[in-house]
Amino acid sequence: MTNSPSSSKLLSGEVALEISNVWKIFGDRADEALEAVRQRGLGKSEVLEEFNAVVGVADVSFNVNKGEIFCVMGLSGSGKSTLVRHFNRLLEPTAGKILIDGVDVMSLGTRQLQEFRNQKISMVFQNFALLPHCSVLDNVAMPLEIRKMNKNERLRRAAYMLKTVELEAWGNKYAHELSGGMQQRVGLARALAANPEVLLMDEPFSALDPLIRRQLQDEFIKLSAKMNKTTVFITHDLDEAVRIGDRIAIMRDGRLIQVGTAEDIVMNPADDYVADFVAGISRLKIVKAHTVMQSVEHYTATGRSIPDHAPLVNEDASLSELIQLAIDNETPIVVQDNGQRAGVITRADILQTVIDGAETS
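282 is the number of the first residue of the sequence shown in the working numbering; add one for each residue after it.
Among these hints, one or two may not hold up.
Below, in silico cross-link-like pairs of lysine-lysine (DSS-like), each with a Cα-Cα straight-line distance of 27 angstroms or less [what the hints assert, rightly or not]:
1. Lys444 <-> Lys378
2. Lys378 <-> Lys347
3. Lys432 <-> Lys510
4. Lys378 <-> Lys510
5. Lys444 <-> Lys503
6. Lys454 <-> Lys444
7. Lys429 <-> Lys444
8. Lys454 <-> Lys432
9. Lys347 <-> Lys454
10. Lys401 <-> Lys444
Because the hints were derived from the structure by calculation, they are not lab data.
Work out the full structure, taking the sequences as your base and the hints as a guide.
In structure tokens:
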């Protein structure tokens, strides 16, 4: 089932990450290349030819709200993993501004940056990155040891996080004794043990078998709802982004093409590239009633009335639910918002939405 975006996250206005005009150009003449791009509008191939430089991220800006799971996706080479490594300055941007909980990350000195990484932000990588000579429990406790937390407290907290990811019985084992899915859960437990404000996840499940990947997606969705961590989740898998993300950002050639909920992107793709990208996604779980409905005024303007026994749904009812109601009822469907009539959906409205989806797939 698709993870529906939380309106409280999207509308709260509490911004956790503010990314403004971030550029990353690799090469000895990066600054010259950036100036040429800005002044002359050079493309990636022209920058490579003239300056022997590679544009990794190009003028990217977006905000992430507190508690939101923000998925950044694109094909290989789109710049998504390069982008996320700027947030904790594993890479230094060529230009731009990055604010995390109001802190200007680019202004931090070496010691401040180390403390910021340890206290405020954690990262989960695709390759697990567990220390082979340490037990599972010690791996999870490592960020707390760096904080110089006393041994009893850090092991207690590490044990709690292992229990949270359902690995409490494996604390004394070593990484090579665990399956890939279990190792990735250890990596997640380690990231969460430090109780960070922001969690960065760089294709954490992509190396796993499909069944294990889906199980970990489900576990992550439940864990995220429980811990309410602001998360930037990098993936090349659109199905994964749709299942996990409150919002999705699609990148191509280092640029941000579109940002929105899965429903926004599927229903209103910004260009042909995005339309092709989402063509294979079923609308049944993504499209919601508020997108399909017509206004009450429009429906009644032709003299039609709404029966008292018309079925009622909330604005976030899925297209799949609407189809089932239309099968079982000949009357129009009434969409409610806080107990008030917000709109009306007819069988024709539903059929047109389905047809539109079929024509774009």
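Agreement of lysine 429 and lysine 444 with the hint, judged by alpha carbon distance not exceeding 27 angstroms: 23 angstroms, holds
Hinted pair, alpha-carbon criterion (27 angstroms max): lysine 454, lysine 444. Please report holds or violated. Roughly 14 angstroms between the alpha carbons, so the hint for lysine 454 and lysine 444 holds.
Can you confirm whether the C-alpha distance between lysine 378 and lysine 510 stays at or below 27 angstroms? 22 angstroms, holds
Do the alpha carbons of lysine 444 and lysine 503 lie within 27 angstroms of each other, as the hint requires? 14 angstroms, holds
Hint consistency between lysine 432 and lysine 510 [alpha-carbon to alpha-carbon, up to 27 angstroms]: 25 angstroms, holds
Does the alpha-carbon distance linking lysine 347 and lysine 454 stay inside the 27 angstroms limit? 35 angstroms, violated
Given hint lysine 378 paired with lysine 444 - CA-CA distance at most 27 angstroms: 38 angstroms, violated
Under the criterion that the straight-line Cα-Cα distance not exceed 27 angstroms, is the pair lysine 378, lysine 347 satisfied? Distance of about 18 angstroms is within 27 angstroms: holds.
Hinted pair lysine 401 and lysine 444, Cα distance within 27 angstroms: 22 angstroms, holds
Regarding the pair lysine 454 and lysine 432, is the alpha-carbon distance no greater than 27 angstroms? 19 angstroms, holds
Hint violations for this structure: numbers 1 and 9, all remaining hints satisfied.
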